Structures are given as C-alpha cells and as structure tokens.
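Visitor: Counting from 1, position 181 in the sequence shown corresponds to residue 181 in our numbering; the numbering is continuous, with no gaps.
Hints in this document: simulated from the structure, not taken from any laboratory.
Source: prediction; values computed, not measured.
Any given hint could turn out to be false.
[As the list claims (entries may be wrong)] Here are the computed distance ranges between Cβ atoms for each label pair:
#, residue 1, residue 2, range
1, A15, R314, 42 to 52 angstroms
2, A270, V153, 34 to 44 angstroms
3, R220, A270, 24 to 34 angstroms
4, A270, V125, 24 to 34 angstroms
5, A19, D156, 16 to 26 angstroms
[What the hints assert, rightly or not] As a list, the in silico SDA-like pairs of lysine to any residue whose alpha-carbon atoms are at most 25 angstroms apart:
#, residue 1, residue 2
6, K158, T27
7, K6, G69
8, K158, T192
All C-beta atoms in this analysis are idealised placements derived from N, C-alpha and C, irrespective of residue type, glycine included.
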Amino acid sequence: MIRYLKTFVTAAETASFSAAGARLGLTQSAVSAQIQRLEDDLGVQLFERTGRAVSLSDDGRRLLSQAQGVIAGYQSMRGEAGAFGGQAALAPINVGAILTVQLGLLPGAVQRWTALGAMPHLNIVPGMSVQLLAQLDARELDLAVMIRPRIGVPVDMKWLTLMHEPYVAIAPKGAKGGTKSTGGTVADWSATLPFVRYNRRSYGGDLVERYLRRHRLWVREGVELDEPEVILRMVRAGLGWSIVPATLIGLPVDVDMTRTSPKQGKSGGAGVQVLPLSGAPLTRELGVLARQSALKRAPVNALMKCLSEEAASRG
1 MIRYLKTFVT AAETASFSAA GARLGLTQSA VSAQIQRLED DLGVQLFERT
51 GRAVSLSDDG RRLLSQAQGV IAGYQSMRGE AGAFGGQAAL APINVGAILT
101 VQLGLLPGAV QRWTALGAMP HLNIVPGMSV QLLAQLDARE LDLAVMIRPR
151 IGVPVDMKWL TLMHEPYVAI APKGAKGGTK STGGTVADWS ATLPFVRYNR
201 RSYGGDLVER YLRRHRLWVR EGVELDEPEV ILRMVRAGLG WSIVPATLIG
251 LPVDVDMTRT SPKQGKSGGA GVQVLPLSGA PLTRELGVLA RQSALKRAPV
301 NALMKCLSEE AASRG
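Construct all of the structure, not just a fragment, from the sequences and the given hints.
Guide: In structure tokens:
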C-alpha cells in the first residue's frame with residue numbers, strides 16, 4: 001500500500017488526479033483506481049469529487065500527516081535494508097499470473113528456469129490482469145504474466161510481449177451451427193443458447209464485449225466467469241456457448257470448416273464445437289509486466305527469457 005499512500009499524498013499536494021498522474025508517471029484513471037482502493041481499504045472517503053476537481057475530505061486531511069509519516073518510515077527502512085543488498089539475489093520472486101498462463105505457459109517456463117541451476121523461491125500469485133496490475137503498482141509483485149493493460153505501461157515498468165492469442169467461438173457438441181455443412185453460424189448459437197461470458201471487468205472479457213457490440217450480436221446471458229479454462233468446462237457441460245482465447249486451453253485455431261467436424265487441439269477441443277470469428281481477427285496480447293527495479297536481478301531476467309522461449313515453442 002506504500003505506492004497508494006504516495007499517490008494519495010501527491011494528489012493532496014496537487015489537488016488534481018491528472019496532475020498527480022503526470023508527476024508519478026500514471027494515467028488519471030490509474031490514480032483514481034489507486035485512491036479508490038486505498039479508500040476501500042481504510043473505510044473512509046479521502047477526497048471530495050466535484051466534476052474534474054478534487055479536494056481533501058475531513059478524513060483525508062486527518063490522515064494526510066499519518067500517510068506522510070508512514071512513507072518516511074518506509075523510506076528509512078529501505079535505506080537500512082540496502083546494507084544487506086548482497087542477499088537480494090536470493091530473495092523470493094513474487095510472480096503474478098492469470099489462470100490460463102498458470103496452466104499453459106508457466107509449468108514449461110519454470111522447468112526451463114530451474115534447469116539453469118539453483119534459483120530463488122518462486123511465489124505464484126493468481127488473479128485477473130487488472131488485479132495483478134494493482135499489485136505490481138503496490139510493489140507486492142515483482143512481475144506478472146498477464147494481458148497487456150489498456151491504460152498503457154507505467155513508466156517504472158517494462159512490458160515484454162509473449163504471444164497474441166486468438167479467440168474462437170465454442171459450443172457443446174451437437175449444438176446447431178457446428179459446421180458450414182449444417183448451415184449454422186455463431187449467430188445460430190447466439191439465438192438458441194445461453195452465453196457463458198468471459199468476465200466483462202477483465203481485460204480479456206472486455207475484448208469479447210466489444211466484439212459482440214461491433215457485430216451486433218445479441219446474447220442471452222447465462223454464467224459470467226473470470227477464466228477461459230473454466231468457461232470451456234462449462235460449455236463442455238452443455239451450459240451454453242462462448243467466445244474464448246484458444247491457444248492456452250488447447251482449442252484449435254486453424255479450424256477447417258470444409259470438414260464435418262473441426263480439427264481438435266491437444267485436448268481442449270474434445271466435447272465442443274469450434275468456429276472461427278468473422279471480421280478482423282480478435283486476439284489478446286499476453287506478456288510479462290515487470291518492475292524496473294526487479295529487472296536488476298539476474299534470476300528475474302532469466303525467468304522472463306524462459307517464459308519467452310516457452311511461448312515461442314507454442315507457435
């Protein structure tokens with residue numbers, strides 16, 4: 001929370017979220033999100049908001065000096081800890097990862113990494129991309145394997161693209177619209193089946209929502225979930241159709257529509273029908289977002305290289 005306290009103090013000094021963002025290298029929306037999370041954690045409203053203007057609330061004025069004291073104390077602790085810098089290489093590495101990365105890329109990448117020799121302890125933290133970004137901002141993570149943030153990459157972090165993962169439409173076996181030979185389309189699924197939705201609050205789910213609006217596809221809302229792997233299982237169980245990123249959950253991307261059934265992936269395509277999406281390709285950009293300070297550690301750089309190699313091996 002130290003990062004959020006610094007944002008709070010800077011916003012109080014500038015009386016503006018946009019000015020605070022400019023000073024800290026953050027967007028206005030990122031500053032607003034950090035302040036909101038801090039308010040939720042403290043259980044108080046720190047600022048009065050009137051349009052674009054902000055001013056400290058009574059609670060904000062009361063807590064400002066305490067926040068400044070906490071920041072000063074933390075900086076003093078970091079100064080003392082610097083005397084033990086030789087231990088940094090052995091310190092645990094905190095890695096955030098969305099579930100599909102944990103199931104798809106991470107095992108192979110960690111296997112490559114540990115084969116390099118003795119390495120620090122890895123602490124894997126699960127979460128949606130928006131949550132992992134907040135934890136990176138708060139310095140709770142060293143790096144995160146996630147979807148590229150819509151708000152851009154913060155100035156104190158580095159982004160490494162691993163892959164562009166395409167989306168496909170899926171439905172239970174036997175649902176109308178499996179292949180062209182039956183005359184079915186994604187529109188048929190939309191008209192006849194509930195929609196198992198990729199969470200709209202996530203970066204990946206927002207891409208699906210935009211696709212539906214762009215193609216004017218009306219859906220009958222069913223279940224809404226955070227993770228494509230779980231969505232695949234829901235569809236396989238016959239609970240509806242969905243649009244999901246394909247590669248890391250083993251779905252076929254190069255669907256051959258001249259066949260009576262789509263080509264299957266390694267395992268994920270079993271029990272479902274797969275259709276390509278019409279229009280411009282829909283993809284999500286997966287990569288590693290790392291704090292610049294963490295990149296000073298050789299084991300962190302080695303892990304990022306192993307993640308890149310594992311992603312490349314998947315074509």
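Visitor: For every hint, state whether the structure bears it out.
Guide: Evaluation of the provided hints:
1. Here the CB-CB span from A15 to R314 is close to 49 angstroms, well matched to the stated 42 to 52 angstroms.
2. Evaluation of the 34 to 44 angstroms hint for A270 and V153 yields a pass: the beta carbon distance comes to about 38 angstroms.
3. A beta carbon spacing of about 25 angstroms between R220 and A270 agrees with the range 24 to 34 angstroms that was offered as a hint.
4. In this structure the supplied range 24 to 34 angstroms holds for A270 paired with V125, their Cβ-Cβ distance being about 31 angstroms.
5. In this structure the hint that A19 and D156 lie 16 to 26 angstroms apart at CB holds, the actual value being about 18 angstroms.
6. Restraint check: the Cα-Cα separation between K158 and T27 comes to about 16 angstroms, which is no more than 25 angstroms; the hinted pair holds.
7. Between K6 and G69 the alpha-carbon distance is near 11 angstroms, which keeps this suggested pair within the 25 angstroms criterion.
8. Annotation: proposed proximity of K158 to T192 is violated, straight-line Cα distance about 44 angstroms (limit 25 angstroms).
Hint 8 alone, counting from the list given before, is not met by this structure.
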